[in-house]
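Chemist: Those protein sequence lines, which keep their order, are chains A and B.
Numbering follows this note's numbering, with no gaps: position 97 of the first sequence is 99.
Numbering follows this note's numbering, with no gaps: position 86 of the second sequence is 101.
Bear in mind the hints are in silico, worked out from the structure with no lab data behind them.
If a hint is listed, it holds; no wrong ones were tucked in.
No more than 27 Å apart at the CA atoms, straight line, and that leaves these computed lysine-lysine pairs for BS3-like:
id, chain 1, residue 1, chain 2, residue 2
1, A, Lys5, B, Lys64
2, B, Lys64, B, Lys75
3, A, Lys59, A, Lys5
4, B, Lys83, B, Lys64
5, A, Lys5, A, Lys57
6, B, Lys75, A, Lys5
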Amino acid sequence: DVKVTQSSRYLVKRTGEKVFLECVQDMDHENMFWYRQDPGLGLRLIYFSYDVKMKEKGDIPEGYSVSREKKERFSLILESASTNQTSMYLCASRTPSGIYNEQFFGPGTRLTVL
Amino acid sequence: GDSVTQMEGPVTLSEEAFLTINCTYTATGYPSLFWYVQYPGEGLQLLLKATKADDKGSNKGFEATYRKETTSFHLEKGSVQVSDSAVYFCALLRGQNFVFGPGTRLSVLP
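Chain B extracted, bound-state conformation (with noise of 0.2 Å):
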């Protein structure tokens, strides 16, 4: 079946730091891909999304790029800060049901 494998955290960066979080997924066709962002004591949102191969979504600094060939969806940041200190879930659209990769976590020192 349909499933999403992230890179194990905890991620532990100082401020300013580039970011890298891996993800790549299994699955019939070419589902949306979505990285989706839980901070302290809150539950899941948004962060980004892509429909289609080779489409980049991006939010807050953050990017991923839809890969098809490498089935593919890596987070990345320029320049973590002390605020994107959360944990972060990579999922793709099954049908109306996503599935969710086991999040990282990524703590950021100032």
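Okay, chain A solo, but in the shape it has when bound (with noise of 0.2 Å):
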């Protein structure tokens, strides 16, 4: 069975604290991504990657960073927690644009910045 984990279900964290998301699958797959779900405005974009070390901004990358070593593991980084960064954290891989575009999902991270 496809599987895309994440780290952590929950986390709590203070403000100005530097927070690590992990993220891993094992499909192989070239892309991976970070979104952020809150309420009524759905699943937003923070940042992607096609390939390892390759990262590209998505449509809110402001407050993150990401890192790619390798294939299966996708990391995101709040480099200084704030409170509006409370969320849920979606990760998420896929292979390439084909007859196959699924998005595979992880059960997301509940983070509370405090």
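Please assemble the complex out of the two chains, which come individually in their own frames, going by the hints.
Modeler: Dropping the structure here:
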């Protein structure tokens, strides 16, 4: 069974802390994505990566950075967490465009910044 | 830019009722369209998709037809079950990336 796993389901951090959210996929997918999910706003793309060591900004990259040192792992970094980054964070992966366009999601990390 | 609009929720129905969740999109050209579902405590999973005009996607009793004239992809199910309670997201594929709607929460009461 295909799988995208995220390091934590729930996380509580304090303002100003550096936060790492880890995502691992076991499907050998080239493309990986980080979204945040907020009520009424749906999913918004933060960063994505089409290959190892490659990264591209999504629609809301401010306050975030990413790292992709290995194909299966994509990390989201909050350099200095702020309360407006309290949200649900979803990682996803997929193969490049083709007939199999499905994107697979992890279960999410609910981050609270106090 | 490309965008997806969905009907506001939450939607509350009784078991065996008919379900429609409206979705319209704005995009250049004719993108592939998708419905994803998020059950409580889980990530999103693909429910159905359609890749060209007049295609009908279907899965688990749900259906949606790609209507380019009205730029719509409404989700329907003839008889909902309690287990269908979830958040439903309409989405389009823009190049390599998805654009998601805001989601519609469905609650089905026994």
